[in-house]
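Asks: Add chain B to chain A, keeping to what the hints say.
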Amino acid sequence: KNEVEQSPQNLTAQEGEFITINCSYSVGISALHWLQQHPGGGIVSLFMLSSGKKKHGRLIATINIQEKHSSLHITASHPRDSAVYICAVRGGGSQGNLIFGKGTKLSVKP
Amino acid sequence: EAGVAQSPRYKIIEKRQSVAFWCNPISGHATLYWYQQILGQGPKLLIQFQNNGVVDDSQLPKDRFSAERLKGVDSTLKIQPAKLEDSAVYLCASSRQAGAGNEQFFGPGTRLTVL
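Those protein sequences? They're chains A and B, same order as listed. For the first sequence, the working numbering gives the first residue as 6, with consecutive numbering after it. For the second sequence, the working numbering gives the first residue as 56, with consecutive numbering after it.
For reference, chain B alone in the conformation it holds in the complex:
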């Protein structure tokens, strides 16, 4: 089965610009996650979707970050406007369902550099 797809793989922008990332989860996976991984740190959960509904967005900086999964399949994560500290790898993951026993499968990530 195809894995989690993400695009673009790399993005360089200037601060105050906007950027959007796209994720296509594994077919049939109801749960989708967006993580932010700053260099030298483990991934941090930004938002979790169950189908097209938001389950957890407690660590999403909502003044500048937004995410949607309108049809319960693909998802986009947007940053507007970007700050220098947003430079990180943005990882998308999916699982068949949420909760214990459901393995998460990760995409290749999008490396964002904000200048």
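Excised from the complex, chain A in its bound form:
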């Protein structure tokens, strides 16, 4: 079992729909990251959170430390949101390397 599990693996939505991507992890963490990866490979950091909720534009990220679960929500989805969304957790310790999920491929149709 992977230390970071994402669901769903693939998601197709119609423009305007509300989207939720889930991430569960099995290790102790100091922070959780949501990353966006467009075709071509480059990764952009969307959120880094260790508790509660963060909002940026149409994106909302929540985390429940007790349940070891996080969700990424996209409101009023748009075709330009089509990308792979990756959940990564950072362990504790002085190095605290990132452990990545496999990603959720989102396709938003016009």
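Hints listed in this document are in silico derivations from the structure and should not be mistaken for laboratory results. Careful: at least some of the hints might be erroneous.
[Said to hold, decoys possible] Here are some of the chain B residues that sit facing chain A, going by a computed Cβ distance under 10 angstroms:
1. SER62
2. PRO63
3. GLN96
4. LYS99
5. SER142
6. LEU146
7. GLY154
8. GLY156
9. PRO163
Positions of the beta carbon are idealized from the N, C-alpha and C atoms, including for glycine.
Replies: Just chain B now, kept in the frame of chain A:
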């Protein structure tokens, strides 16, 4: 501020050939990471540098992969000789320091295809 730069963006080689990738981190970032991302998988850490020293290379296949960051700034990752299973995107990332609270910034990646 300029982001993490990587080159080349794409590389196609035949198996048993050698290849090298280059990364220039964000100015002032002490920590540099190389990741391998195979299609359909999340990135896997290959090596982490703190300045010009190696912090973690436990998942680097040292029989064929090598990396250096001689002056603590730019870094190169080399594969010699390449195998078919090395086909992947190689991502470089940097952060101000290692550890919690230090966000990693990723470069655009180098997509390697080994034929």
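Asks: Take the hints in turn and mark each one as holding or not.
Replies: Each hint tested on the structure:
Hint on SER62/B is violated. Least Cβ distance to chain A is approximately 13 angstroms, over the 10 angstroms limit. The interface hint given for PRO63/B is broken, as the beta carbon of that residue sits about 12 angstroms from the closest beta carbon of chain A, more than 10 angstroms. At about 6 angstroms, the closest approach between the beta carbon of GLN96/B and any beta carbon in chain A falls short of 10 angstroms, and the interface hint on this residue holds. Proximity of LYS99/B to chain A holds as hinted, the smallest CB-CB distance being about 8 angstroms (cut-off 10 angstroms).
A hinted interface residue such as SER142/B counts as satisfied when its beta carbon comes closer than 10 angstroms to some beta carbon of chain A; here the least separation is about 13 angstroms, so the hint is violated. Below 10 angstroms, beta-carbon pairs count as interface contacts, and LEU146/B has one with chain A at about 7 angstroms; its hint therefore holds. Restraint check, GLY154/B versus chain A: the minimum CB separation of about 5 angstroms is within 10 angstroms; hint holds. A least Cβ separation of about 7 angstroms between GLY156/B and chain A falls short of the 10 angstroms threshold, and the interface hint therefore holds.
Because the closest C-beta pair between PRO163/B and chain A is about 4 angstroms apart, less than 10 angstroms, the hint holds.
The structure fails to meet hints 1, 2, 5 from the earlier list, while all remaining hints are met.
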